[in-house]
Amino acid sequence: MEYITFKVQRFDPEKDTAPHFEEYKVPFTRGMRILDGLNYIHDNYDGSLAYRWVCRAGQCGSCAVEIDRKVGLACKTEVKEGTKEVTLQPLYIFSIIKDLVVDIDKIWNELSSIKPYVERETYSKEFEIVHQEKIMDARELRQCIECWSCVASCPVTRVAWDKTMVPLAGEKMAMLDAHTGDILDRIGMAVKYGLYACTVCRACTEVCPQEIDILGKALLKLRSRAVERSLVSPKTRDFLENVNLRGNPYGEARMKRGKWAEETEIRRYEKGDELLYYVGCVGSYDTRAQVAARAFGNILCKCGANISFGILSDEESCDGNEVNNLGEEGLFQELAEENIQKFKDLGIKKIVTLSPHSYNAIKNDYPEFGGDFEVYHYTQLLRDLIKDEKLDLSKFDAKVAYHDSCFLGRYNNEYDAPREILNAIPGIELVEMERNRENSLCCGGGGGNFYTDFLGEYKDSPARIRIREAYDVGASILAVACPICLTMLEDALKVEGLEEKMAIKDISEIVNEICI
Amino acid sequence: MKYKVVTTDILIIGNGGAGIRAAIEANEYNVKILLVGTSMPGKAHTVMAEGGINAALGNVHPEDSWEVHFEDTIKEGVYINNQKMVEAFAKDMPERIHDLEEYGAVFDRTPDGKIAQRRFGAQSYWRTCYIGDVTGHEMLMALTEANRKRDIQHMDEVMVTKILTKGNNISGAVGIDLITGEFIVFRAKSIILATGGTGRIYKVTTNPKEACGCGYAMAYEVGAELMDMEMFQFHPTGMVYPESARGILVTEAVRGDGGILLNSKNERFMERYDPERMEVSARDIVARSIYSEIQAGRGFEHGGIHLDIASQKSPEFILDKLPRMVKQFKDFANVDITKEPMEVAPTAHYYMGGIKVRTEDNMSTTVNGLFPCGEAQCGIHGANRLGGNSLAETQVSGQRAGKYAAIFSLKKELEDIDEEEIENEIEKLLEPLNRKDGIKPQEIKKEMQENMWANVGIVRDEDKLRKGLEKIEALERKSEEICVDGGRTYNLEWIDAIEIPYMLFVCKSLVMSALERKESRGAHFRSDYPDRDDENWLVNINVREEDGKMKLYKTPVSITRIDPREAR
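If you're matching them up, the sequences are chains A and B in order.
Going by my numbering, the letters in the first sequence line up with residues 1 to 516, in that order.
Going by my numbering, the letters in the second sequence line up with residues 1001 to 1568, in that order.
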């Protein structure tokens, strides 16, 4: 008989002053769920353990808890064979009533303010005639079971409930917008309640037990409808206008785009070169991110693979990833088509990007407009170079925590390449933060927020929480693989006052420092 | 002991499909409503109903009519339904579907844009309206939205433990706020009981944690009568593997949409039990057939038989019509139902028996102001229920209970509540907490569930039933020693302890009625009396309290349209 240790956070308001953990040994059975473990504890150890459950079949959404810090339904989450220990905690975002039971009054208040019901114009005595295709469009959104998992995993809601549209509310707005009978202005309501504070990190889609693509089918859908009606916030409008006029959200001159590469060996792309190094807006214009841009370029120059490569310099234009997820689909299409034409004219076949945002757009969204290229994120290329022994690496002594970027991780399933690089460097001890991989906490910079800065004022902004998490695992370096994460976390480090204790480094910087 | 007093006109106990529908209806009148439930909005077990809701709309078979719906229901109930209630039920249903659509439910469509209807077991025409295989979820969502729109007052995670009466009139109820453990006393002019079923008395069930039959016991305690308590439906197909998924519903729609049943010899065994209707036969027939096959050793490794739709329909069809089933089997059993068969076995599902309605015209009971609806009510289904008729029942009975409770309350004054009665109830509820040593409620629950599953299941006989009754009585004695740990804040063990007497009561009335009915009819099958006996048993068995004891008595079936004796 195999046993698993269930570490359960307990708190009894009648006797405890603070939450604490209790451990229970639960026998393993094949196919068991977390809920089975909780029921076993209830039946055999402590019947007063408080947890919610009703249907036990994944259909009512009562039992959401944090399982090893990832939000999930207790009745659906399997305890896999070989598991030795599992930690259960209540949903962090709510206040605790007892043990794993939380106070969700905030949700009811939120819901009551968004009129979550069909508001009809007239009442008809006849049955409606509706077509099945119309129904199937909205079918996915209608599967919401109000389990609060999306709300509990949203980095923005965690910080700024008052400013953002919680994913659940956004989901309902989109669902009602798609309902043929509803007459309310759901788009206007959504924008008013904070639709644009979302950093498009995709955590909501990741955790939804009903497999609803909340980000894609609800929030982004609402955004594109908002853009159609020009309902975006002023800052967002600036972002989009700048990209439209100048090819970058900062509004900086196009001719300055290549300046970061001056005084390096990184040259312009020439027809016949093997590889295009696509830098992106942040890497080109942000001073901190430029360091990373130069670092990777230098590595390519130095490495023993003799890759012929170049940058587009002042001919490079925004990849459009943020434009797309802000809802400006028209502008995105323009940018995509322009870029694709440019690449094709130069005979470009293989592209490596500095930013996971560019990687995501060119790899996943450009094919729709005829863009068919071999696209890599720089960590994938670096990983291969190291594996093929094309880089000589000297020692780098540090305890390093790696922060998964949303666009590399959740969007594109690349969790390993950056870790393989760090593990291959002699002297580096790689440690994991509590929330890593698909459960990583967004730095808060996505969705244009690195520019619009909706969350800057909050003392518990996602970036600041991330700094604390890295500090808590004793990291001397928090490594990233994205120029946006780099700038967001660097700023947060300063605000937290931890510059003496820890440094933020892009992986390209680390490798550049030690490769000969 | 301190308690909070909450006053209203209509107290609705239960926030599922029936309770919410009753609230929406009562809201049309100038009355105060308070909707109370043990779980949170949107989480009642209606959410797990899957296949569909019956109504004679005639969108697929224009020949369908309320008369045929009526007939099918009576035949399935093997003629002991209350025909007046069934007539009203079949007539009302089309309008109730329209109501749901108005609240926002989006039903699947026929090619010409009308509400689609699918085939379901033992029905003459296709009349089961549906939304994929998540009909209950869509309905409950629409009802909850309608509730929110009307801003109906509600209290969640509150468990009502006792109904209060003055003379034969409702005066209120006693309940516990599960979160704080605080006692609440409700004052009300009328009570709508929408407490649902009682599947958790059985070891293997589709029902959720809260299905403990408290409504039946509370109603009986204040003088309401119960009826058809021996009629408990075992749904033919529940999951069997893994252990934690055992009992979870596998919708009848799988068979309605073309799925077939196979034993370990790869035979479509329904050929031997009902060659005419095969897999879409009446639920009790299918359940017994599957049970027999498994008993005869023709089952599979986890104790079930195979339900196969992969070999009958394309993956696109299955994904379109049964998306929840695809997901459920993928998530729980790692089975792809578009490629492989599902292993299933009968599971305790629905209680046809329940609180008897005395006057069909206004849905009242022997207690003035008590209106049962939904699964807690009895009369529509007789000895066995058609699939799709339960969701339908919630809407018709909910609407009527809401209407009549409101009309009743408009002409009524509040009755006084009895302090002593309340204090006694609170003391009784606190007993398990105050007892230092004793028996854990989980232990008693497990024994109860095993006992019912073994002795009062699909195939019954005098011996097993007697054994079952003995065990129940032993557990009743044991339950006087229940003790629990912890305080009153969200104490699940304390709730277990409170539920046990109600569950044991239901078990007892079930077994006593089963012993009483010496014939087989519908879901009640006795191997020692395997035939149907209309001459002696065209009756309903009623249960009421007399001199502190459970008394059973028979009443002839109310026949208004179809007389089985004429048919034969």
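Hints are computed from structural coordinates only; laboratory data are not their basis.
Values in this document were obtained by computation on a predicted structure and should not be read as measured data.
Beta carbons: idealized from backbone N, C-alpha and C, even for Gly.
Do not rely on the hints blindly, as some may be mistaken.
Claimed, not checked - Derived CB-CB ranges, DEER-like:
# : chain 1 : residue 1 : chain 2 : residue 2 : range
1 : A       : Ser112    : B       : Gly1297   : 53 to 63 Å
2 : B       : Asp1461   : A       : Glu85     : 25 to 35 Å
3 : A       : Glu438    : B       : Glu1182   : 54 to 64 Å
4 : A       : Glu211    : B       : Asp1461   : 43 to 53 Å
5 : B       : Glu1182   : A       : Ser112    : 16 to 26 Å
Structure-based check of each hint:
no., hint, result
1, Ser112/A <-> Gly1297/B: 53 to 63 Å, "holds, 57 Å"
2, Asp1461/B <-> Glu85/A: 25 to 35 Å, "violated, 49 Å"
3, Glu438/A <-> Glu1182/B: 54 to 64 Å, "violated, 41 Å"
4, Glu211/A <-> Asp1461/B: 43 to 53 Å, "holds, 47 Å"
5, Glu1182/B <-> Ser112/A: 16 to 26 Å, "holds, 24 Å"
Hint violations for this structure: numbers 2 and 3, all remaining hints satisfied.
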